Structure formats: structure tokens, C-alpha cells
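**Q** Residue-level listing of the chains:
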Amino acid sequence: AQSVAQPEDQVNVAEGNPLTVKCTYSVSGNPYLFWYVQYPNRGLQFLLKYITGDNLVKGSYGFEAEFNKSQTSFHLKKPSALVSDSALYFCAVRPASGGSYIPTFGRGTSLIVHP
Amino acid sequence: EAQVTQNPRYLITVTGKKLTVTCSQNMNHEYMSWYRQDPGLGLRQIYYSMNVEVTDKGDVPEGYKVSRKEKRNFPLILESPSPNQTSLYFCASTPTGGYQPQHFGDGTRLSIL
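Just so you know, the protein sequences line up as chains A and B, in that order. Okay, so the first sequence: first residue is 1 according to my numbering, each after it adds one. Okay, so the second sequence: first residue is 1 according to my numbering, each after it adds one.
Please keep in mind that the hints were generated in silico from the structure rather than gathered at the bench. Be aware that one or more of the hints could be misleading.
[Claimed, not checked] Not everything, but these chain A residues come out facing chain B in the computed CB check (under 7 Å):
1. Arg42
2. Leu44
3. Phe46
4. Leu56
5. Val57
6. Phe105
[Unchecked claim] Taking lysine-lysine and the DSS-like style, the derived pairs with C-alpha atoms no more than 30 Å apart in a straight line are:
7. B/Lys71 <-> A/Lys49
8. B/Lys69 <-> B/Lys17
9. B/Lys71 <-> A/Lys22
10. A/Lys69 <-> A/Lys49
11. A/Lys49 <-> B/Lys57
[Unchecked claim] Here are a few chain A residues that face chain B, going by a calculated C-beta distance under 10 Å:
12. Gln6
13. Phe34
14. Gln38
15. Asn41
16. Gly43
17. Gln45
18. Leu48
19. Asn68
20. Phe90
21. Ala92
22. Ala96
23. Ile102
24. Pro103
25. Thr104
26. Gly108
Please read all numbers here as calculations on a predicted model, not as lab measurements. Glycine residues also receive a C-beta, built at the ideal position from the N, C-alpha and C atoms.
Let the hints inform the model, and build the full structure from the sequences given.
**A** Right under this line is the structure:
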């Protein structure tokens with residue numbers, strides 16, 4: 001069975017500083033990995049995904065994520081945080097072959113960017 | 001505009017009174033799924049559907065039913081709601097291809113008294 005761990009319930013960062021939201025995963029075989037963001041009273045919005053190829057993936061709103069197969073991690077990063085980045089972030093995984101097309105989500109990490 | 005539409009957005013009801021939350025997508029996606037979101041637990045999958053008339057249980061299916069009679073619709077049915085089903089519910093759709101991201105509705109907040 002696949003699983004995702006987001007070890008931090010909350011991440012606090014000052015505006016203008018770099019941010020990292022951590023994600024580790026467990027899956028049989030190669031993974032498809034996703035990051036989503038949720039703003040208050042809204043559904044989840046897709047940010048970026050890793051399918052294959054370059055380990056550094058770039059996505060929406062200046063976010064990027066680094067896939068590390070040996071550490072089974074897919075941490076979300078941004079060089080300079082904005083107050084408007086404050087939201088709930090979810091990491092998700094599914095196996096690249098076999099299994100359900102529906103991914104498994106982590107518990108979410110609340111990102112708070114202070115002015 | 002491509003979207004997943006859930007109704008109602010908010011509902012307060014009482015234990016045992018049957019309710020249905022509708023979900024409709026206009027993107028011709030094959031896969032649809034229902035999640036519930038609870039504080040500290042993240043998103044947990046209730047049911048999913050791979051196509052018309054094909055549904056399967058997720059991680060927390062107890063107390064819920066679904067149907068997929070048309071490709072665009074995937075209603076969630078609570079036949080006898082209980083207070084432990086008070087939660088925020090999301091419907092999502094996905095096109096064929098496991099590398100495709102999901103499209104989510106804006107959520108339905110259910111309160112069962």
C-alpha cells in the first residue's frame with residue numbers, strides 16, 4: 001500500500017525568505033508525485049507533479065519540488081515566500097504502474113508566511 | 001470553464017435523515033472520487049469510480065454509498081447520517097492516465113446534529 005508523510009503540521013516563514021514543505025512517500029515501484037494547495041473555502045488546486053526525468057520540477061506560482069529517489073522525498077520549495085502563499089499544502093503519491101489511479105494524500109502542512 | 005461542481009456547499013441536518021451530495025464534472029473525465037477532510041487527518045478517500053457503473057471502496061467507505069450512472073455525475077449518498085460524518089467533503093475528477101492531476105470541487109461542509 002502507498003503512503004505519504006508530511007512531518008510538519010505547520011511551517012512558519014518570514015516573507016522574502018525561502019520556504020520548504022517536506023514530503024516523504026512509500027510506494028511499490030516508481031512513483032507519480034503531486035503537490036496541491038488549498039486556500040480557505042476552496043478545493044485543492046494542482047501545483048506541480050513529478051512523473052519522470054529531471055528531479056527538479058517547476059510548477060505554478062514560483063514553486064518547485066525536488067524528487068529524491070534514495071530518500072523517497074519530494075519536498076516543495078520556493079526561493080522567496082509571499083504572504084499570499086499562506087495556505088494548506090498537500091503531497092500525494094500513486095504508483096507509476098499498477099494500483100489505483102486515485103492517489104493517496106498526506107495530512108497536509110499549513111504554511112504561514114509572516115509579513 | 002472546466003470545473004467540478006458540488007452541491008450543496010453547506011448543509012446542517014439531523015441524524016438519520018437521508019441526504020445526497022451531488023458532484024458533476026464537465027471535462028469528460030473517466031475517474032471520479034470522493035474524499036472527506038478532517039483536522040489532523042488530511043484527505044481520506046471514501047469511494048472512487050473508474051467509469052460508468054464501476055465503483056470501488058476507498059479507505060473510509062462505511063456509512064456512504066455512491067453511484068455512477070452517467071459519466072459526468074458521481075453523487076455521494078448518506079442513507080442514515082450520524083454525527084461522526086460531520087466533515088468537509090470533496091469530489092474530484094481525473095482524466096485517463098495516472099500521471100494526470102485531479103480536479104477538485106470547492107467542497108461541501110456537512111454538519112450532522
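**Q** Each hint should be assessed against the structure and marked as holding or not.
**A** Consistency of the hints with the structure:
This hint holds: A/Arg42 has a C-beta 6 Å from the nearest C-beta of chain B, less than the 7 Å allowed. The beta carbon of A/Leu44 is positioned within 7 Å of a beta carbon in chain B (closest approach about 4 Å), and the interface hint is therefore held. Look at A/Phe46: its Cβ gets to within about 4 Å of chain B, closer than 7 Å, so that hint holds up. Because the closest C-beta pair between A/Leu56 and chain B is about 17 Å apart, greater than 7 Å, the hint is violated.
Interface restraint check for A/Val57: the shortest CB-CB distance to chain B comes to about 12 Å, outside 7 Å, so the restraint is violated. About 4 Å separates the beta-carbon of A/Phe105 from the nearest beta-carbon of chain B, less than 7 Å, and the hint is met. With a CA separation close to 26 Å, the supplied pair B/Lys71 and A/Lys49 stays within the 30 Å bound. For the suggested pair B/Lys69 and B/Lys17, the alpha carbons sit about 23 Å apart, so the restraint of at most 30 Å is met.
This hinted pair does not check out: B/Lys71 and A/Lys22 have alpha carbons roughly 36 Å apart, beyond 30 Å. A distance of roughly 15 Å separates the Cα atoms of A/Lys69 and A/Lys49; the hinted pair therefore holds under the 30 Å criterion. Straight-line distance between C-alpha atoms of A/Lys49 and B/Lys57 comes to about 25 Å, which keeps the hinted pair within the 30 Å bound. For A/Gln6, the interface hint holds, the least distance from its beta-carbon to any beta-carbon of chain B being 8 Å, beneath 10 Å.
Given hint, A/Phe34 at the interface with chain B, holds; its Cβ is 6 Å from that chain's nearest Cβ, closer than 10 Å. Hint status for A/Gln38: holds, given a least beta-carbon distance of 8 Å to chain B, under 10 Å. For A/Asn41, the interface hint holds, the least distance from its beta-carbon to any beta-carbon of chain B being 7 Å, beneath 10 Å. This hint holds: A/Gly43 has a C-beta 3 Å from the nearest C-beta of chain B, less than the 10 Å allowed.
Interface hint at A/Gln45: satisfied, since its Cβ lies 7 Å from the closest Cβ of chain B, which is below the 10 Å cut-off. The closest approach between the C-beta of A/Leu48 and any C-beta of chain B is roughly 9 Å, which is under the 10 Å cut-off, so the hint is satisfied. Residue-level restraint check for A/Asn68 is violated (minimum Cβ-Cβ distance to chain B is 19 Å; threshold 10 Å). The interface hint given for A/Phe90 holds, since its Cβ lies 7 Å from the closest Cβ of chain B, which is under the 10 Å cut-off.
About 8 Å separates the beta-carbon of A/Ala92 from the nearest beta-carbon of chain B, less than 10 Å, and the hint is met. With a cut of 10 Å, the hint placing A/Ala96 at the interface with chain B holds, because the nearest CB-to-CB distance is about 7 Å. Among the interface hints, the one on A/Ile102 holds; its C-beta lies about 5 Å from the nearest C-beta in chain B, closer than the 10 Å criterion. Residue-level restraint check for A/Pro103 holds (minimum Cβ-Cβ distance to chain B is 7 Å; threshold 10 Å).
Interface restraint check: A/Thr104 against chain B, minimum CB-CB distance 8 Å, threshold 10 Å, status holds. This hint holds: A/Gly108 has a C-beta 5 Å from the nearest C-beta of chain B, less than the 10 Å allowed.
Of the numbered hints listed earlier, those contradicted by the structure are 4, 5, 9 and 19.
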